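Modelling step: build the complete structure from the supplied sequences, incorporating the hints.
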Amino acid sequence: MENVKNLVRMEGYKLLCIRKALFGYLALMVFSAFAIQSAGFFFFILLYLLTYTPTAYDEQSKGEYHIGMLPVERVQVVQAKYLVSLAELVVLPLLIGLSGGLVNCLIEIPENYQISFGVVLSLFFGGAMFVGVVMPCLLWLGSIRARYLVMTIYLLSFAGMGAISYLDNQWMNHIAQAGGIWLIPSGLAVLLFSYAVAVPLYRRRQFTS
Amino acid sequence: MYVIEISGLKKRFEKGGFCLDLPEMRVPEGYITGFIGENGAGKTTTLKLMMDMLYPDEGTIRILGLDAHLQGPQVRAQIGYVGSTPGYLAHATLETLKRMHAPFYPNWDEALYRRFCDRFSLDGKKKYKDLSTGKQKQFSICIALSHHPKLLLMDEPTANLDPLARQEILDILTEELQREGVSVFFSTHITSDLDKIADYVQFLHHGRLLIAGEKDRICEGNRVVKGPLHLLTPETEPLFVNLRRSEFGFTGLTGCPDEVFSLLGDEAVYEKPTVEDIFLGYTQAERGH
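The listed protein sequences derive, respectively, from chains R and C. The numbering of the first sequence is this note's numbering, which starts it at 1 and goes up by one. The numbering of the second sequence is this note's numbering, which starts it at 210 and goes up by one.
One or more of the hints may lead you astray.
Stated by the list, open to error - DSS-like cross-link-like pairs, simulated, lysine-lysine; straight-line CA separation at most 30 Å:
no. : chain 1 : residue 1 : chain 2 : residue 2
1   : C       : LYS336    : R       : LYS5
2   : R       : LYS62     : R       : LYS20
3   : C       : LYS344    : R       : LYS62
4   : R       : LYS62     : C       : LYS334
Claimed, not checked - Not everything, but these chain R residues come out facing chain C in the computed CB check (under 10 Å):
no. : residue
5   : ARG9
6   : SER61
7   : GLU64
8   : TYR65
9   : VAL72
10  : ARG147
11  : ALA189
Said to hold, decoys possible - Anything over 10 Å on all C-beta distances counts as not near chain C; from chain R, calculated:
no. : residue
12  : LEU70
13  : ARG145
14  : THR152
15  : GLY160
The set of hints was computed from the structure by calculation and includes no laboratory data. Because the structure is a prediction, the values reported are computed rather than measured. All C-beta atoms, glycine included, are put in the ideal place defined by N, C-alpha and C.
Here it is, written out as structure tokens:
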């Protein structure tokens, strides 16, 4: 457990190294929370950056050598990555929810959505789906070989969101109403399944570069 | 007692057609062992197999009595590794990198780390990418030695360094061995480094071990012979590992100097070979030169 904690701390340090790029999007996400489409847009951009960029940055520095010399098991590396992703999936939607709730209290904009707990749930579930698909790809292939695949998934997520918003601009609320609180365990189940796929893939990976 | 024991090791790379084939390789404990080979010989591959970054197709690697694959974390806890590409985050400061690395080692010695930093004049506030190549290597060595490893594995530690920086690193290796009894295994293609500090050498060529043993014994058991061309006869030529002819005479490496001397006598000149002479001689013989 100590090793996983240290690996999570290491992921935190990596995020700090790219904080300048992240902060801008984080600020945009929080301040745009009064318009849910915008908040969702920046949420997914931020999620993509938080998921893909540290891995890419790591790989650019040949980080697999650094991880490879540490006295840790591969499963612990995967556990740390998923724990960090889970933290991101909890914190970011909560920030949107809190920010949107605050904005709504201060400035009443009737035509916009009321940011609700349901929107937070939808973003958590959507983000879990994104991470659930992307993370095993990154762990198995590495960021360079997986870049086109990850970009495709990212663009499809965006296009999908855009298309759904066009058809139903309150779709997040409707999904939350349909799924309710079950979106949390569903999202967690997606992540757990993704983790179960990622562990053997990363265990088999060899660092030939 | 051996700190590294390789048995029946094979690793194939289908794409490049390269195959590492080490039926047996042993690295003695408590000494400095140099692992020399030309570019593409398989040095880095061997080190990566030891660090469990690559998996062998066949065979086993035991380090400090433990299986390098099945007991990888326990093995790596006792190893200090300095790779040709260490993999530190380029934009992170040295202090941040140390804070990332140190918690993984219960034996981490902060005072020792500070001493090494002072010796190498490393400023913790500087970013890794802003250091020169030599300073980056020195930082890697700081990190590798600060948790009191039993084995130091180094992949071309002196490559791309100026002579001063190289000598500093070689001095550190010798001092650590004397002070802490650390076993050192380092790969290089700079043979002069082996001449200076190695106790044992292992010659790797095209994925296979050509020669292995005590450096001084290998050098004592071979001679570089120089003489006029007329000394080369059907009787004397087979005694040479390799030969180079010119209009002025020949130069050859022999593994049986007494026999050669009995045939050529004082007409030839006999020199003790350097590690480079041995390496070139045997690899050229393998290539059929």
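Okay, the hints, checked on the actual structure:
For the suggested pair LYS336 of chain C and LYS5 of chain R, the alpha carbons sit about 24 Å apart, so the restraint of at most 30 Å is met. At roughly 22 Å between alpha-carbon atoms, LYS62 of chain R and LYS20 of chain R fall within 30 Å of each other, so this suggested pair holds. With a C-alpha separation of about 18 Å, the suggested pairing of LYS344 of chain C with LYS62 of chain R holds against the 30 Å cut-off. For the hint linking LYS62 of chain R to LYS334 of chain C, the alpha-carbon distance of about 22 Å falls within 30 Å, and the restraint holds.
At a threshold of 10 Å, the smallest CB-CB gap from ARG9 of chain R to chain C is about 7 Å, leaving the interface hint in force. Because the beta carbon of SER61 of chain R sits about 5 Å from the nearest beta carbon in chain C, less than 10 Å, this interface hint is met. Here the hint on GLU64 of chain R is kept, as its CB sits about 6 Å from the closest CB of chain C, short of 10 Å. For the restraint placing TYR65 of chain R at the interface with chain C, the shortest Cβ-Cβ distance is roughly 3 Å, inside the 10 Å limit, so the hint holds.
The closest approach between the C-beta of VAL72 of chain R and any C-beta of chain C is roughly 6 Å, which is under the 10 Å cut-off, so the hint is satisfied. Nearest Cβ of chain C to the Cβ of ARG147 of chain R: about 19 Å, over the 10 Å cut. The hint is violated. Proximity of ALA189 of chain R to chain C is violated relative to the hint, the smallest CB-CB distance being about 30 Å (cut-off 10 Å). Distance check on LEU70 of chain R: its Cβ comes as close as 5 Å (rounded) to a Cβ of chain C, failing to clear the 10 Å threshold; non-interface status is violated.
Non-interface status of ARG145 of chain R relative to chain C is upheld: no Cβ of that chain comes within 10 Å, the nearest being about 14 Å off. No Cβ of chain C approaches the Cβ of THR152 of chain R within 10 Å, the least distance being about 26 Å, so the stated non-interface status holds. Non-interface call for GLY160 of chain R relative to chain C: holds, since the shortest CB-CB distance, roughly 34 Å, exceeds 10 Å.
The structure shown violates the earlier hints numbered 10, 11 and 12.
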